[in-house]
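Visitor: Each chain is listed here by its residues.
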Amino acid sequence: MLCHGPVRVPEDAAKGKAIMRVAMPATSAYRSFPTDIPVEIQ
Amino acid sequence: MNCTSFVPYPLVLGLAALLPRGAAAQEGGALSKSRETAKPIAFQAVDRTIGKLPKLTADDALYGLLLFGLNGEHRVWCVLDRSAAKGAEGDAGHDAADSAYDVLYIDRNADGDLTGEGERIAASKTTRSGAKKENISVTFDIGDFQDPGSQAIHKDFQITWTKASVRIAMKWRGMKKTFGVYGPERETYQNFAKSPKEAPILVPGYDRPFEFEHWMSGVFTRGKSTDFKVFVGNRGDRRGTFVCVDDKFLEPAEYVDATLIYADTSGKEQRYHVKLTERC
Chain A
1 MLCHGPVRVP EDAAKGKAIM RVAMPATSAY RSFPTDIPVE IQ
Chain B
43 MNCTSFVPYP LVLGLAALLP RGAAAQEGGA LSKSRETAKP IAFQAVDRTI GKLPKLTADD
103 ALYGLLLFGL NGEHRVWCVL DRSAAKGAEG DAGHDAADSA YDVLYIDRNA DGDLTGEGER
163 IAASKTTRSG AKKENISVTF DIGDFQDPGS QAIHKDFQIT WTKASVRIAM KWRGMKKTFG
223 VYGPERETYQ NFAKSPKEAP ILVPGYDRPF EFEHWMSGVF TRGKSTDFKV FVGNRGDRRG
283 TFVCVDDKFL EPAEYVDATL IYADTSGKEQ RYHVKLTERC
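Here the protein sequences come in this chain order: A and B. So that you can map any letter, position 35 of the first sequence is 35 in the numbering used here, and since no number is skipped, the others follow by simple counting. So that you can map any letter, position 36 of the second sequence is 78 in the numbering used here, and since no number is skipped, the others follow by simple counting.
Check each hint, because a few of them may be wrong.
[Said to hold, decoys possible] Cβ-to-Cβ under 7 angstroms is the rule here; a few derived chain B residues that face chain A:
hint	residue
1	P82
2	S141
3	D144
4	A173
5	P251
6	F270
7	V274
8	C286
9	D288
10	E320
11	C322
[As the list claims (entries may be wrong)] Derived EDC-like pairs (lysine to aspartate or glutamate); straight-line CA-CA distance at most 20 angstroms:
hint	chain 1	residue 1	chain 2	residue 2
12	B	K94	A	D12
13	A	K17	B	D102
14	B	K236	B	E115
15	B	K266	A	E40
16	B	K239	A	D12
17	A	K17	B	D306
For the record, the hints were derived by calculation from the structure and aren't laboratory data. Beta carbons are placed, not taken as given, at the ideal position from N, Cα and C, and that holds for glycine.
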């Protein structure tokens, strides 16, 4: 499955590597290991 | 990119809608308590030895390793072989089928011995496509599979081999589907490998806490909106080995948290939080 949604990167972000940290919220019925996904800002 | 195009088969599973909130194995009583002890798997430390192999026909057999158990402690080796030696390319009568694998050995009881009863599976379906029928897909029906960790029965277990990648699918505990393999781009989807040392490690199911992998959305542009998409399931030992649940798994009110951690133009760390509420 894919969970998705819009991410608008602020204008003041520096170009280069960044991290997207993904997890189930604390209120969720499901547990997760927070996962750091390398991303790039252009 | 249409996000419905990442899977080769439908993701519909009506049973999920019939289950109450949290009814999935993730919320099962004793399992839920033991889940508290689950840890991320240290793939580098996984033992890659195989206790006993059958006599293989193919000199280019392919190996894959599936991990079961709350901490992936039960190793189930899979080996793709051929029932007859393949002809050399260029030989008269040689066609694409000569390179297809039609035998699967799977260590059902995770004892390291792939010569046990019921551990040799013949291909159940072979399909060809392409102008010269060069694209071959071979499916192995393993059927019911007793989890060597939980002892639960997973149903409709299938492994499908193509030249591009391998696919696995099963109804975990006979309920909801878990399937793979996926990665951030199609080109990363992994195949079984030519040696146990190189074999990809896959982790099916949803007994463990979820992990995530993005799909086709790892590049953002400042000041613009990007549809960020993630698989929900288990990471394997490398990119392109993700095994996920389907789009009906999470109840409608559930969502995934995503926090972009970046530096601003002054070099200061900033965080931008979004909720991924949509599904496909």
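Visitor: Each hint needs a verdict: does it hold in this structure or not?
Guide: Going through the hints against the structure:
1. P82: This hint holds: B/P82 lies near chain A, its Cβ roughly 5 angstroms from the closest one there, short of 7 angstroms.
2. S141: Cβ of B/S141 sits 33 angstroms from chain A, so the hint is violated.
3. D144: It is violated, given that the least Cβ distance between B/D144 and chain A is near 31 angstroms, above 7 angstroms.
4. A173: Violated, because the Cβ-Cβ distance from B/A173 to chain A comes to roughly 32 angstroms (cut-off 7 angstroms).
5. P251: holds (4 angstroms)
6. F270: holds (5 angstroms)
7. V274: Nearest chain A Cβ about 6 angstroms off; hint holds.
8. C286: At about 6 angstroms, which falls below the 7 angstroms cut-off, the nearest Cβ of chain A leaves the hint on B/C286 intact, so it holds.
9. D288: holds (5 angstroms)
10. E320: holds (5 angstroms)
11. C322: holds (5 angstroms)
12. B/K94 / A/D12: violated (58 angstroms)
13. A/K17 / B/D102: It is violated: about 39 angstroms lies between the C-alpha atoms, which goes past 20 angstroms.
14. B/K236 / B/E115: violated (23 angstroms)
15. B/K266 / A/E40: Since the Cα atoms of B/K266 and A/E40 sit roughly 13 angstroms apart, the hinted pair holds (cutoff 20 angstroms).
16. B/K239 / A/D12: violated (45 angstroms)
17. A/K17 / B/D306: Holds, at about 12 angstroms.
Against the hints set out earlier in the document, violations occur for numbers 2, 3, 4, 12, 13, 14 and 16.
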